[in-house]
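Okay, here's what each chain looks like letter by letter:
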Amino acid sequence: MATAPEPKPFIARTWDYVTETQIWKSIFRHGMPDTNRNRVLVVMTNVFLHLHPVKIRKSGIRLKFTWCMGGLTFFLFLVETFTGLLLMFYYRPTVAYAYMDIVDLAEQVPLGIMREIHRWGAHAMVITVWLHMFRVFMTGSYKPPREFNWNVGVILLVLTLLLSFTGYLLPWDQLAIWAITVGSNMARATPLLGHEGPGAQLLVLGDVKMVHAGSDARFALLGGRFVGEGALLRFYVLHCVGIPLVAGILMAIHFWRVRKDGGISGPL
Amino acid sequence: MGAINAVKDAINFLTAPAIFISLAAVLFFIAVPRRAFWTRRVAMVGTILGALFVGVSMLDPDFALIVKKADNVPIVAMLFLVGFFLWLSLSQAHENDARIAAGEPPVEGTPREAEKTWVWPDLVYTEMLCMVIGMIVLVVWSLALAAPIEEPANPARTPNPSKAPWYFLGLQEMLVYFDPWLAGVVFPSLIIVGLMAIPYIDVNPKGNGYFTFKERKVEIMLFLFGFLILWVLLVLLGTFLRGPNWNFFGPYEYWDLHKLEALNNVNLSEYVFVKWTHLGLPRNMLLRELPGILAVLFYVGVLPGLLAFRHRILGLPIGLKKYYDRLGPWRYAVFVMLLLSMIALPIKMVLRWTLNLKYIIAMPEIFFNI
Ligand code: HEM
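From first to last, the protein sequence lines stand for chains A and B.
Number 268 marks the last residue of the first sequence (my numbering); no jumps.
Number 370 marks the last residue of the second sequence (my numbering); no jumps.
Watch out, some of these pointers could steer you wrong.
Straight-line C-alpha distance at most 27 Å; calculated BS3-like pairs for lysine-lysine [unchecked claim]:
#1 A:K55 <-> B:K116
#2 B:K348 <-> B:K358
#3 A:K64 <-> B:K206
#4 A:K55 <-> A:K25
Simulated from the structure, these hints should not be mistaken for lab results.
Start from the sequences and build out the full structure, keeping to the hints where you can.
Shown next as structure tokens:
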């Protein structure tokens, strides 16, 4: 004697209904990823997931192998982008306002931890990017065919440090301006291009020095002879727009290349 | 009390740059190649000792003052993280070496590991887990520790010490040994160029895609020496052990603004013309600096060639003929210049610590000091 099929529970029926609507189907072009076909489709039809291949070596997803350090670095980059955007609502990059805007942020916003997340996330990102490079070196993953991607990585490393460096100035407190002063003083000593660099004295037109405190590498970096209004604006623009834009593009290339170079490295 | 102070004094003494860096370097060369140092037990003992050291030291007000500075907390965390991941990579490397020696593939190369699996769900879930844990850590950390804000910027009041952001403190520490044009411009550029050159000058095809030490000993030792000793260690030194006037202060020492350090550093020219030959310093700058110029020219001009054609020099196995043969002239030239630049720092350090040598070439007239 055949029994009648159990009626589906309410939630399952709702789910079925929702996933059958035209709206849902227009967004997701696959069913639940519980069949191999759908697992492929999930990765291939999603712009974010398709940075991944569809299948991957088991050794490549072991945490012991990648430490997920590149992934964490990227994650921190996203966190920084998001919290940075919120901070931009409150922060004005001028000598008159910058410091007070930061103080207000701490005093006026209840339970506001955006600045904290942004600052600690930045420190963390510097650490994770070092550890990621360290992992990639230790597994020899820069060897052919991944030489180029290692180089993209090195540039990303430099950009990460520059992001952090430019951000360091923005609170406009004693810590900020003096750290940047110390850091940018180095540019004074650039060979030929810094006014205290070796060889700069040789660049003269008649009696006129070509490289002096008002025309050297440091001046170009700071937009002035010292860390002031010009430097604050320059660093702000680089920090919020210039460097993130370049870093974002390079990350896209970096991930794409991980795939194109045959996925996470493994013994041949 | 007496015993505690004796221990503190001992640690203050041992952390002075000359001793600290030398000890770390010795430990580095002993420990990294030996499997016995990278077992679970050593990791556990190391973690516990490290945590005990930091924990107990927090009772010391001077130590606590520096370590509790909000911006320094991540650097303490970094110390443990670097230690942990060093262990994680080297323990796997030595394990794989043992497997390879026994004729087995490295762990990453076993059929089970080489098998392919689905990105969804396996990888995507791992990534999500990392993200969730990362987010939790970040939120807890942010709730617990407020972001610092100091007094408003005041261009007229220079704080002492004035420090660069923490990740550049290794470079600032280099300023003790080299002038800004080298420590702040040339060496950082060379670090970047050197990192970029690695895939092109390392022609060893082995060790691609798995942890191993034996198959890439020299590469790993060189890279780790740069990363651990010349970068991370110097960052720690610059953060925790450098106080006012960039003087050295032990971890339990009060940062005294008026601490005096005898500065009796001597230039090579003074050694040659005053101390050794009693000729008196020549007036002419180039003549005066001739010994140093010759030394530097030898270092960058002659030494690379010498190393390229010898296996041993003065009986020591420091010749690079093997590498010259393997790399060919162009790769070798890049490799040896990067190598010599990297070693220049420890060489200058040792010269400073032993001979109080200030500059090898000193031409302040044209800002050219080495
Ligand atoms: C903002 C900085 C960076 C981000 C977001 C990033 C992200 C990633 C991610 C997500 C992966 C996949 C595997 C993994 O997680 O380990 C990866 C792989 C890789 N990264 Fe990065 N990375 C960055 C910087 C670097 C740096 C500094 C280097 C080296 C100097 C580097 C070299 C590589 C290489 C060679 C691979 C392929 C590894 C393999 O196939 O095993 N990346 N990166």
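Evaluation of the provided hints:
{"no.": "1", "hint": "A:K55 <-> B:K116", "verdict": "holds, 6 Å"}
{"no.": "2", "hint": "B:K348 <-> B:K358", "verdict": "holds, 9 Å"}
{"no.": "3", "hint": "A:K64 <-> B:K206", "verdict": "holds, 20 Å"}
{"no.": "4", "hint": "A:K55 <-> A:K25", "verdict": "holds, 25 Å"}
Checked against the numbered hints given earlier, this structure breaks none of them.
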